[in-house]
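2 protein chains.
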Amino acid sequence: MNNSPIILDGNCVAAEIKERLAPRVAKLGANGIVPCLATILVGDDPASATYVRMKGNACKRLGLRSIRIDLPSATTTEELIAAIRELNRDPAVHGILLQHPVPGHIDERAAFDAIAMDKDVDGVTTQGFAQTAFGFAAFPSCTPAAIMAILAYYKLPVAGKHAVVIGRSPILGKPVSAMLLNQDATVTTCHSKTEGLPSFVRSADIVVAAVGKPNFVRGDWIKPGAVVLDAGYNPGNVGDVDYEACLPQASAITPVPAGVGPVTIAMLMKHTVDAAEKASGTN
Amino acid sequence: MNNSPIILDGNCVAAEIKERLAPRVAKLGANGIVPCLATILVGDDPASATYVRMKGNACKRLGLRSIRIDLPSATTTEELIAAIRELNRDPAVHGILLQHPVPGHIDERAAFDAIAMDKDVDGVTTQGFAQTAFGFAAFPSCTPAAIMAILAYYKLPVAGKHAVVIGRSPILGKPVSAMLLNQDATVTTCHSKTEGLPSFVRSADIVVAAVGKPNFVRGDWIKPGAVVLDAGYNPGNVGDVDYEACLPQASAITPVPAGVGPVTIAMLMKHTVDAAEKASGTN
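From first to last, the protein sequence lines stand for chains A and B. Heads up: the first sequence is residues 8 to 290, going by the working numbering. Heads up: the second sequence is residues 8 to 290, going by the working numbering.
Just so you know, these hints were derived from the structure itself, not from any lab. Each hint should be verified, as a subset may be incorrect.
Copies of one chain are not kept apart here, so a pair can be met inside one copy or by any two copies together.
Claimed, not checked - 30 Å max Cα-Cα, derived DSBU-like pairs, lysine-lysine:
#	residue 1	residue 2
1	230	200
2	162	200
3	230	67
4	67	34
These numbers were taken from a predicted model, which means no experiment stands behind them.
Could you build the full structure based on these sequences and the hints that come with them?
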């Protein structure tokens, strides 16, 4: 149907974001400030450990400092919140990332909401979400922000388009729906209780898959010419979209890996630099 | 098409809500507490003055106290916020309602966000919106809450249905979209930049009109058997839905007046009583 779909190259988008950060990091450094991201990992989920390590490495390459707090699986909500509060108080820490998901016995919402607004670089607080929904967030969640950055980089129109988001989580489906809406898309949010999901997806100009199920979105669900953004990342480097099947239908599509993932990390770096500039009054 | 659409009678729904409040108000009274709603009206918009008067009358009929603060059109954001803070500090005031809209020179968002969370009985704060979106708000906005109450009263199914919301304001379109989503509807949020609005509405099992344009939703936009909820209230007692034209298509529809409006006021009373109980530890 489409002879040449655009492969939305997350590495290119991430490279541009990071390139723009370099002089800002240098300027902060000249003022004796090194932007610092603290990541908290509770438990020993190997995928989460990998993400946290990738974020630490990204900091290092950009000249940011990173602190890694590892807490045992048995950590209580209170202990986790105490650790977050300590980071809130530390003037050398500019951004705090609590790696999702935390073990089931922890009140994740309470933990997220313990993060100080000016250090909530992944937009996970309740207040941060609302600011995103109202269009004035300092730090929208990094994956939704990455999706919007990819659309912007490739100048793919959003206003007036029908966007179908599959997923309604507080840090992905809900904020990306809100961000698309604020850019004047007509937005349908689908989820596990949606009846007739394929027909909703078939009506979409823009599809965002945020389901967490490998190869969930099928080729025959994609309207010819649609833009497909895959926010999934399942074991074995597999996205939520059946890439090979969707590629011939789409006008543009993110691969997995090297699609949304690297841009998410670049956004986290950007937000950490933003936070460091704000904290120091250097911008 | 439908021989007997249900007329969703807001007065009945409101009466039931208020009936349940009566013993709670009596119990508070026995403890020396009279729930109190403070309404703030800035400027002299006659429609707003009418709304504020209706809310005051509803308080009186239920045995609630109401305080009315009238501020001149020339009030600054700072002066308005100072008035709100005074009400925040007053232990005799349980709920605060800032009548929307305020004059254009005022930062309405800043004013809304000055309302203390435990007195934000109309769910207008940024934090209150996010709590609504995440499904744990103490006080969701009254009109969205009224729409959900009407659906519940008439036992109209929401889960798995396609709900189309026309409007995306922070106190109506966005929160009602979120509340429908949290009750497992698949939700499409439409607005002034939506292309092909009639065809979106035609695909809806549940239509919520929150546009602010008289008779905007036409009869031939309604899928036979759809549920139509009209949150509009325009000059001359006219809703956003062309009621006469939509009635024969719908399986259930709210009239204007006597549809969503009275339930909105009942919700405001309920939230004020809720707030009084919480403040006094009486529940």
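Here's how the hints hold up against the structure:
For the identical chains of this complex, residue 230 and residue 200 are neighbours both inside a copy (22 Å) and across copies (21 Å), given an alpha-carbon limit of 30 Å. For the identical chains of this complex, residue 162 and residue 200 are inter-copy neighbours only, at 19 Å across copies versus 33 Å inside a copy, given an alpha-carbon limit of 30 Å. Proximity of residue 230 and residue 67 under a CA criterion of 30 Å is satisfied in neither setting, with 41 Å inside one chain copy and 57 Å between copies. For the homomeric pair residue 67 and residue 34, the shortest alpha-carbon distance inside one copy (17 Å) is at most 30 Å, but the shortest distance between copies (62 Å) is not.
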